[in-house]
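Engineer: Please work from the sequences and hints to get the whole structure.
2 protein chains.
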Amino acid sequence: MTYPGASSLNIALIHHPVVNKRAEIIGSAVTNLDLHDIARMARTFGVAEFFITTPYKDQQHLMEELLAHWRTGHGATYNPARKEALGIVSLLDSIDQVIEQLTGKYGRKPLVITTSAVKQSNLISYGALRRKIDKKDPVILLLGTAHGLAPEVIQDAEGTLPPIAGAADYNHLSVRSAASIIIDRLLGSKEK
Amino acid sequence: MTYPGASSLNIALIHHPVVNKRAEIIGSAVTNLDLHDIARMARTFGVAEFFITTPYKDQQHLMEELLAHWRTGHGATYNPARKEALGIVSLLDSIDQVIEQLTGKYGRKPLVITTSAVKQSNLISYGALRRKIDKKDPVILLLGTAHGLAPEVIQDAEGTLPPIAGAADYNHLSVRSAASIIIDRLLGSKEK
Chain B
0 MTYPGASSLN
10 IALIHHPVVN
20 KRAEIIGSAV
30 TNLDLHDIAR
40 MARTFGVAEF
50 FITTPYKDQQ
60 HLMEELLAHW
70 RTGHGATYNP
80 ARKEALGIVS
90 LLDSIDQVIE
100 QLTGKYGRKP
110 LVITTSAVKQ
120 SNLISYGALR
130 RKIDKKDPVI
140 LLLGTAHGLA
150 PEVIQDAEGT
160 LPPIAGAADY
170 NHLSVRSAAS
180 IIIDRLLGSK
190 EK
Chain X
0 MTYPGASSLN
10 IALIHHPVVN
20 KRAEIIGSAV
30 TNLDLHDIAR
40 MARTFGVAEF
50 FITTPYKDQQ
60 HLMEELLAHW
70 RTGHGATYNP
80 ARKEALGIVS
90 LLDSIDQVIE
100 QLTGKYGRKP
110 LVITTSAVKQ
120 SNLISYGALR
130 RKIDKKDPVI
140 LLLGTAHGLA
150 PEVIQDAEGT
160 LPPIAGAADY
170 NHLSVRSAAS
180 IIIDRLLGSK
190 EK
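First to last, the sequence lines map onto chains B and X.
Residue numbering for the first sequence follows numbering that gives the first Met the number 0, beginning at 0 and increasing consecutively.
Residue numbering for the second sequence follows numbering that gives the first Met the number 0, beginning at 0 and increasing consecutively.
Keep in mind that the hints were calculated from the coordinates and are not lab data.
Take these hints with a grain of salt, some might be off.
Since the list gives no way to pick out one identical chain from another, each pair is judged satisfied if it fits inside one copy or across any two copies.
To be verified - 27 Å max Cα-Cα, derived DSS-like pairs, lysine-lysine:
1. K56 to K135
2. K82 to K118
3. K82 to K20
4. K131 to K82
5. K131 to K20
6. K131 to K56
7. K20 to K118
Structural biologist: Here is the structure:
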């Protein structure tokens with residue numbers, strides 16, 4: 000579901016294929032925390048839709064129960080702001096399904112952009128991506144869980160954002176922190 | 000504890016005095032999640048120290064147990080990067096204790112800056128605060144839990160950062176998201 004004032008930027012939190020600390024391809028578990036923190040942040044900045052993908056049906060059922068509580072159950076009356084944030088969330092099986100659904104919605108394939116904690120060869124700058132979003136080009140930004148997106152996902156994308164770097168030589172952001180920073184850089188107010 | 004390359008920016012996550020949804024002054028509960036997400040983000044960007052304040056001894060004991068697991072227990076060998084992030088965390092009773100400790104460390108009182116989801120009268124811009132940090136002026140940035148810092152804390156501060164605003168008229172960020180965005184704006188790489 001989308002809403003008035005939404006941008007052309009969509010995001011997807013990917014649970015498969017991602018890598019573990021030994022760089023093996025795995026499927027990770029969905030978390031309630033990622034759902035709430037990222038949905039609230041996405042809705043605040045005007046992300047159009049927030050997709051959560053996992054091929055595992057038991058994981059999808061868990062997410063559906065959590066979503067139902069806040070969208071139609073007791074949570075919806077207890078906290079209407081949370082209902083609004085979770086209104087932009089959809090569950091899908093795979094990255095391909097996300098792209099297919101957005102292609103149907105926009106009438107053309109969205110630009111597929113990946114994120115990584117390591118510098119990739121197909122870099123696109125925050126500024127360049129921001130300008131595409133300002134022009135209303137449909138974009139889907141893929142965020143990896145566990146130790147990041149599988150290499151094949153990054154290679155198939157049209158571009159990858161530079162890793163987030165601070166002053167220090169340490170980089171271990173949670174996906175929730177990374178997503179917040181990336182979306183602020185792409186959609187945040189320019190008066191800072 | 001501090002580390003080579005750390006900036007002059009310190010942060011404190013405040014659990015009292017904060018307000019609830021009815022704007023009453025309360026003490027909130029510490030969470031494992033805030034500890035990990037904010038410590039990882041702070042260490043990535045070069046925040047010098049991350050203070051967690053609560054006057055409640057049972058809450059302090061809970062935090063001490065979590066910290067011990069990752070700093071000296073099994074977690075320290077299982078995940079050394081997490082140990083490093085949690086190395087910058089200290090538990091204190093109050094905002095006054097944080098200011099006192101930093102005054103001792105720096106030999107002068109740090110600039111006390113607050114954050115709020117509502118525009119305050121004592122505004123300081125991100126750019127102005129960034130310039131102070133670039134000059135190595137000691138700064139302590141106070142982050143509120145629950146529904147935000149008590150009004151008296153904001154009034155006593157030397158400045159308050161503008162609220163984080165996206166394109167949309169909805170603003171319900173978690174303190175983890177807000178902290179990530181604020182620290183990126185203050186310490187993140189300028190090449191974006």
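Engineer: If a hint holds in the structure, say so; if it does not, say that too.
Structural biologist: Status of the hints after comparison with the structure:
no.	hint	in the structure
1	K56 to K135	neither (34 Å within a copy, 52 Å between copies)
2	K82 to K118	between (36 Å within a copy, 25 Å between copies)
3	K82 to K20	between (35 Å within a copy, 16 Å between copies)
4	K131 to K82	neither (29 Å within a copy, 40 Å between copies)
5	K131 to K20	neither (34 Å within a copy, 38 Å between copies)
6	K131 to K56	neither (35 Å within a copy, 51 Å between copies)
7	K20 to K118	within (17 Å within a copy, 42 Å between copies)
The earlier numbered hints that this structure contradicts are 1, 4, 5, 6.
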